[in-house]
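Visitor: The task is to assemble the complex, starting from two chains supplied on their own in separate frames and drawing on the hints.
Residue numbers (our numbering), protein chains in the order written: chain A, 386 to 473; chain L, 7 to 396.
It is worth saying that the hints were derived from the structure and are not from the lab. Take the hints with a grain of salt, since some may be wrong.
Short, incomplete list of chain L residues facing chain A, as computed with Cβ under 10 Å [as the list claims (entries may be wrong)]:
#1 L23
#2 D134
#3 D171
#4 Y185
#5 P193
#6 P194
#7 N241
#8 F247
#9 F249
#10 L334
#11 A338
#12 A339
#13 R340
In silico DSS-like cross-links for lysine-lysine, where the CA-CA straight-line distance does not exceed 25 Å [said to hold, decoys possible]:
#14 L/K224 <-> A/K456
#15 L/K257 <-> L/K224
#16 A/K456 <-> L/K254
#17 L/K254 <-> L/K224
#18 L/K43 <-> L/K224
Note that the coordinates shown come from a computational prediction; the quantities given were computed from them, not determined experimentally. Every residue, glycine too, gets a C-beta built ideally from N, C-alpha and C.
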Amino acid sequence: MRYYLEGQSEVELPASSVAELLSALAARYPSLSFHLLDSDGNLRRHFNVFVNGVHIRELNGLTTPLHPQDKVILMASASGGKGEAGYV
Amino acid sequence: MSDIQLHSVTLSHEEILRYSRHLLIPEVGLEGQLRLKASSVLVIGTGGLGSPVSLYLAAAGVGRIGIVDYDVVDSTNLQRQVVHSTSTLGKRKVESAYARLLDLNPLIQVDTYDEPFTSQNAMRIARDYDVIVDCTDNFPTRYLSNDICVFLGKPNVYGSIYRFDGHASVFFAQQGPCYRCLFPEPPPPNMVPTCAEGGVLGIVPATIGSIQATETLKLLLGLGSSLIGRLLLYNALDLSFDFVELKKNPKCRVCGPEADITEPIDYEGFCGVPAHEPAEGAAGPEWDITPLELKDRLAQDPNLILLDVREPHELRISALPGVLNIPLGQLAARLSELDSAREMVVLCKSGMRSAHALELLLSAGFRRVKHLKGGINAWARQVDNRLPVY
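Chain L with its partners taken away, still in its complex shape (with noise of 0.2 Å):
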């Protein structure tokens, strides 16, 4: 990052020695430290990405950072969000990490929007920043965050996870391929679970999101060989790191020669579902079944089928008595096992998975299904407190 305008900052004594360790390395130094000083970050999200990213960040010294979330801690996100703390459950996602970052380092300027990153404020928020961090956790956004830093020229340090697996490069169009140059569309809805629904390993994040600043840090300093070009494939349980090349896509639309998306346009509608609000089932709302509906047709029916598409395990955390489980990773070779004649409700933990399923249920014939809108956690919210919530 050339055009980091070093003229006028220094350090102070308590500067100096805070960071000292960077300091003695040669190839960054009183000139580098400088450079992280007189520095500006985006980071878009404060989860489990964003928690690393951020704290590492404001260690080294990176003179602004900015944070954007619009949601609030719950105990579910303490598992690998520590950016929080059991002390900021209930609060602003963006007050809590604000607090965290000027206690881990009080000498730099953390500023916070507390509102969703979309189409209409992207472009004003991220404007002043240096580099973008795409710590974002659905499609939208993450389309969101690649196009604006095409549009304003700024590289966009790039990361994603599942369960044990992530992802991480760092996409400059300016110097290298965009986001839309590897998937030039998103997956249909439903496709591709969500750690929500999947799980995640508490560290990979932590794991990704550290190269993530490192990577940061290297196009600050502009020191060694980025990312830019190759994306990182990181799997814990093999701890396997492959790399891959990637090369511009020449039919890419926002970054290709003949582009045709110039300005941020309608991501929700561009990947099919909504960035920050709950979904209808994807097949449509006739297919949805809500929990006290359910429990109303059970009264009528007790022999109305439940199939339960989550995972064996998790059914010992919380189940419905007299399931049929058949996970989604095996129910399109278990169809034969399912009578379509007989009606049926498909559920699953929060609502994805029984849609995902509902999807290939209609599309192998059946229409006498509905899913479980919510799934058991909201069956746990509003018909049986006794079940816990997960």
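So here's chain A without its partners, still in its complex pose (with noise of 0.2 Å):
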């Protein structure tokens, strides 16, 4: 994610729901809606959103809502190494 955020590990938006927090992100940074948002403008299935370390899934989805100082983490899978035999 860092690569897609200027670098960054953390960034502060304002937003009052989860929705409005992936919607602002990514027309802050267009190459980072590539990945996260599908052609539909969906969060991507392999992405995963935990506020304050509990997945939205729990709460109540995209429409979560957010409060000032919620931790929001966006977490893809990753698959790790493969070298020069594997798919890439």
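Guide: Structure (structure tokens):
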């Protein structure tokens, strides 16, 4: 993620819901948008979003409300190493 | 792991001396060490994660360790894969690891599986082990490892790494979520960069691998609170350890109440990528150009646009003259700098990022575009060996 956030591991954005936060992120970092959202604008399924350490699936999904100081973690699956014999 | 059989297991004087620092810990003690000796662990992969995992489990006295790998040791491995050595370059990885593990601890048993871990052999290989440690490096094998652990009712000690980041958890469907609860679907092909493309700090797998080894020992010894139901997110640059809660996904297709995946499937098809062989570009082979074909094209048309989507620091390692450099991460925002009417070849290190860039360009309406199969490393091997391979 850091790669698409101009080297930052954390950013602060005003947003009142998770959906609003993702839209704001995509607007500020256009290259991230392609990775984050599919062609219909939905969050790609290999991303997971946690609000204060809890998966949004356990909350209200993308409509989960956000408050100042909430910490949102956006996590994509990682494959790992894979050398030259792999699928790169 | 309450089902580990302790009867008939004893420690020799030599073992008591070797494991004395364990025996001194009241939570481990003689019974704990006997449990480790009676235990078996399968380590899938002997790379960056599998190296520290297998070394520490061997040193700890886990009685039987299985190692699975189909690859050979090459020099790009040695920056992090510390179970291998310069002296074992070119050897089968399982042979290299076998010798090193038994050199570290000849009092254990090491079983080797010099083959890809596939839907056909995974259940047979994993069945006789107490704990499975996922040290794989690709999505098909990761999903396979998860699923067979669910089918066999075994814990799956998970780790993954990229650059300065690592994840670790214990997926054990009998007590918590599985990997599919978290990631129901793999990313689209080429969407997530690998360490072969993006790199990894060599010590990051040591950190994550030692956590996996610790979690494995805790499971075997029945100690502490495991990472079941929690995911560790580690970042070396910030030296941050974040934990998030994981719960079972009621819609999980492999461990949920209405699971419809009950045996190993075609994981390469599921993930859209082969686990064990190099892929064509994800957009299809008609968009590929080989290094030799590119050499001919450049001879005919020296003005052909070469778009290099690597990071600027990589071009200082090796580059073709006159390339336009737009890193993949900036490409979507800089499409206006490209002329879709002109023919263009996209390249990167080994063909993954360029395949991704190709998809992005095609979706933006570019048609006169190809990507260099195998990247600049293939160019260096096939056309110009004055360039280094990295």
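Visitor: Classify the hint on L/L23 as holds or violated, based on whether any CB of chain A lies nearer than 10 Å to its CB.
Guide: Because about 37 Å separates L/L23 from the closest Cβ in chain A, which is outside the 10 Å limit, the hint is violated.
Visitor: Closer than 10 Å between Cβ atoms is the bar; does L/F249 clear it against chain A? Give me holds or violated.
Guide: This hint holds: L/F249 lies near chain A, its Cβ roughly 7 Å from the closest one there, short of 10 Å.
Visitor: How about L/A339: closest beta carbon in chain A under 10 Å, or not?
Guide: holds (4 Å)
Visitor: L/L334 was flagged as interface toward chain A. Is the shortest Cβ-Cβ separation under 10 Å?
Guide: With Cβ-Cβ at 8 Å, under 10 Å, it holds.
Visitor: Take the C-alpha atoms of L/K43 and L/K224, compute the straight-line distance between them, and say whether it is at most 25 Å.
Guide: Holds, at roughly 14 Å.
Visitor: Going straight from one Cα to the other, do L/K254 and L/K224 come out at no more than 25 Å?
Guide: Cα-Cα ~22 Å, so holds.
Visitor: Under 10 Å, Cβ to Cβ, is where L/D134 needs to be relative to chain A, so tell me if that hint holds or is violated.
Guide: Check failed: Cβ of L/D134 comes no nearer than 25 Å to chain A, outside 10 Å.
Visitor: Below or equal to 25 Å on CA atoms is what counts here, so check L/K224 against A/K456.
Guide: violated (30 Å)
Visitor: Would the stated hint for L/D171 survive a check requiring a Cβ distance to chain A of less than 10 Å?
Guide: Since chain A brings a Cβ to about 7 Å from L/D171, closer than 10 Å, the hint holds.
Visitor: Is the straight-line distance between the alpha-carbon of L/K257 and that of L/K224 25 Å or less?
Guide: Measuring from Cα to Cα gives roughly 29 Å; hence the hint is violated.
Visitor: Would the hint on L/A338 stand, with a C-beta cut-off of 10 Å toward chain A?
Guide: This hint holds: L/A338 lies near chain A, its Cβ roughly 5 Å from the closest one there, short of 10 Å.
Visitor: With a cut-off of 10 Å on the beta carbons, see whether L/R340 makes it to chain A.
Guide: Hint on L/R340: holds, closest Cβ of chain A at ~9 Å, below 10 Å.
Going down the numbered hints, you'll see the structure goes against 1, 2, 8, 14, 15, while the others check out.
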